[in-house]
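K.L.:
Chains F and R supply the protein sequences, listed in that same order.
Counting with this note's numbering, you get residues 1 to 311 for the letters of the first sequence.
Counting with this note's numbering, you get residues 1 to 187 for the letters of the second sequence.
These aren't lab readings, by the way, just hints derived from the structure by calculation.
Just to be clear, a hint being listed does not mean it is correct.
Subject to a maximum C-alpha distance of 30 Å in a straight line, what follows is the list of computed DSSO-like cross-link-like pairs (lysine-lysine) [to be verified]: (1) F:Lys-39 x R:Lys-17; (2) F:Lys-219 x R:Lys-186; (3) F:Lys-219 x R:Lys-183; (4) R:Lys-51 x R:Lys-113; (5) R:Lys-17 x R:Lys-113; (6) R:Lys-51 x R:Lys-186; (7) R:Lys-46 x R:Lys-108; (8) R:Lys-131 x R:Lys-28; (9) R:Lys-176 x R:Lys-161; (10) R:Lys-78 x R:Lys-28; (11) R:Lys-28 x R:Lys-128; (12) F:Lys-39 x R:Lys-51.
Example chain R residues on the side facing chain F (calculated, C-beta under 8 Å, incomplete) [unchecked claim]: (13) Gly-8; (14) Ala-11; (15) Val-14; (16) Ile-15; (17) Lys-17; (18) Ala-18; (19) Ser-21; (20) Asn-133.
C-beta atoms are modelled at their ideal positions from N, C-alpha and C, and glycine is treated no differently.
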Amino acid sequence: MKPFRTFAYLSTGLTYLLIFIGGLVRVAGAGMGCPDWPKCFGRWIPPTSLDQLPVYIDPAQFNIVLAWIEYCNRVFGTLVGVTITITLILGLKNYASLPRIRWPIIAAFVLTLVEGWLGSVLVNTLLNPITITLHLFLALIIVMLLLYTSQQAYYLDNPNSEKLSRYPSHIQWIFGCLALSLFVEVILGTEIRGGLEMIRKENPIVDSQFLLDMLGPFKYIHTVLGFIITGLSGMVWYYLVKKSINPSSIVVQSSTAILLLILVQIVLGEILVFFRVIPLVQLFHLWIASWILGLVCVQYSAWKRSQIAHE
Amino acid sequence: MGAVILLGAGASWVIQKANSSYEIPILKPVPVFSFINQDGDSFTDKDLNNKITVLDFIFTSCPGPCPIMTQNMTGLYKDFDQVEEVQFVSITVDPDVDTQGILKQYAKINGVKDDRWQFITSSIEAIKDLKKNGFMLYAEELPRGHAIKFVLIDQNGQIRKYFDGTEEASMAVLRKDITNLVKEFKS
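So here's chain F without its partners, still in its complex pose (with noise of 0.2 Å):
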């Protein structure tokens, strides 16, 4: 595999892994765990005893756990933006001629910094919920972006894939309706988790069941939609697997996997719904949704290839 390739797969790799992470963050409460950016209670490594803090933080602040925990969530941040840096860097090296590859890879740099700036901001708003919705948002047009370029590598070294499929043409509204249902989905849930928080926060006495009552209208239009994405993903997975001619195997797999990931996240919403809201549990809904809107990238990748090979 060339260099390129390679780089750019590890950059989605490993983005993914850090939206997991910053996943953990969140359900670990440790946000704030650094009260400082870029240095954590004043030192580039944290404390690991009272006695190290600086004399101007409060040592109220200091619980070490939370620290490192995010500590390295922020040291697996920059290995990322290195990671992308190399990428960014070895695909203008040898792409720079590729619209395909070119734009992504910069959209995909230059967010990334914007990224680490969001996370300063955050620190420095006390974990503000709207920075922390776009926090989220940001990272996931991040690693649609590393994935839209991953692809567009693959198919560099295989010039021919999907130029023998064909898929029907006039489903491109479904893939519209499709991304925006699935980004409308996950501002929603974190609103439904931010709603959460702050009710914990200022009523921590009261349990999680009670605080899912408070979010009735909430809940209720996350189901709904969920159904809706239900509903269009079998569509979606209807033309291109049913309905087209020598679908690819990226095609196959993806619009299946689409299709298991979602029950798992019925299962697991259900969970979370009628049980109890179970950190990990959260953690995972979360992080298969973004996996379930990068398949649809790819998904829409694929089909897109084809229809301009047949134009």
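Here the structure of chain F is known, so what remains is to put chain R in place on it, guided by the hints.
P.N.:
Here is chain R on its own, set in the frame of chain F:
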């Protein structure tokens, strides 16, 4: 699939670590004692049961740290006025001067309106013994030589943590810990 399970296990471990980082240790039980409060009613170790208690040792004519301690305690008393599971107890270390009437007046001056904050007293020997052997706090040369600690006690009468009663930063941690203990008690 294996990688996902591994991730899940790792995340689960991290979440558990994070949760336990909020936990407050169980130090020792409060021993049996039987004192009286500012209204002349009995106050014993049994009155610590089913409540989260913040307790300190003061004396009303104290010029030094006590006013700051009482001011901090007043802040807590007001902050937790909606949480019936939380109570406050101040034990005088100067029982000869701090009579029932004086304690009652002291409570009034500090805005105490209900029995969520009680001021209790006994003989100097009993107080000294409780302070020294029950709460493991300095109790020589009373009343002046008294400790400035706030003691956090859980619903089972177990001492959970000590705080510097004169320090604002310490109060922030105490507020968080009271909330966590109430949560733990309710669940």
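K.L.:
All hints, please: hold or fail.
P.N.:
Structure-based check of each hint:
1. F:Lys-39 x R:Lys-17: holds (23 Å)
2. F:Lys-219 x R:Lys-186: holds (26 Å)
3. F:Lys-219 x R:Lys-183: holds (25 Å)
4. R:Lys-51 x R:Lys-113: Measuring from Cα to Cα gives roughly 18 Å; hence the hint holds.
5. R:Lys-17 x R:Lys-113: Status violated; Cα separation ~41 Å.
6. R:Lys-51 x R:Lys-186: holds (11 Å)
7. R:Lys-46 x R:Lys-108: With a Cα-Cα distance of about 25 Å, the restraint between R:Lys-46 and R:Lys-108 holds, given a limit of 30 Å.
8. R:Lys-131 x R:Lys-28: Holds - the C-alpha atoms of R:Lys-28 and R:Lys-131 are around 14 Å apart, at most 30 Å.
9. R:Lys-176 x R:Lys-161: holds (12 Å)
10. R:Lys-78 x R:Lys-28: holds (28 Å)
11. R:Lys-28 x R:Lys-128: Roughly 18 Å separates the two Cα atoms, so the pair holds.
12. F:Lys-39 x R:Lys-51: violated (41 Å)
13. Gly-8: Holds. Min distance 7 Å.
14. Ala-11: holds (5 Å)
15. Val-14: For R:Val-14, the interface hint holds, since the closest Cβ of chain F sits about 6 Å away, which is under 8 Å.
16. Ile-15: holds (5 Å)
17. Lys-17: Holds - the Cβ of R:Lys-17 comes within 8 Å of chain F, reaching about 5 Å at its closest.
18. Ala-18: Status holds, d = 4 Å.
19. Ser-21: holds (4 Å)
20. Asn-133: violated (29 Å)
Violated hints for the displayed structure, listed by number in ascending order: 5, 12 and 20.
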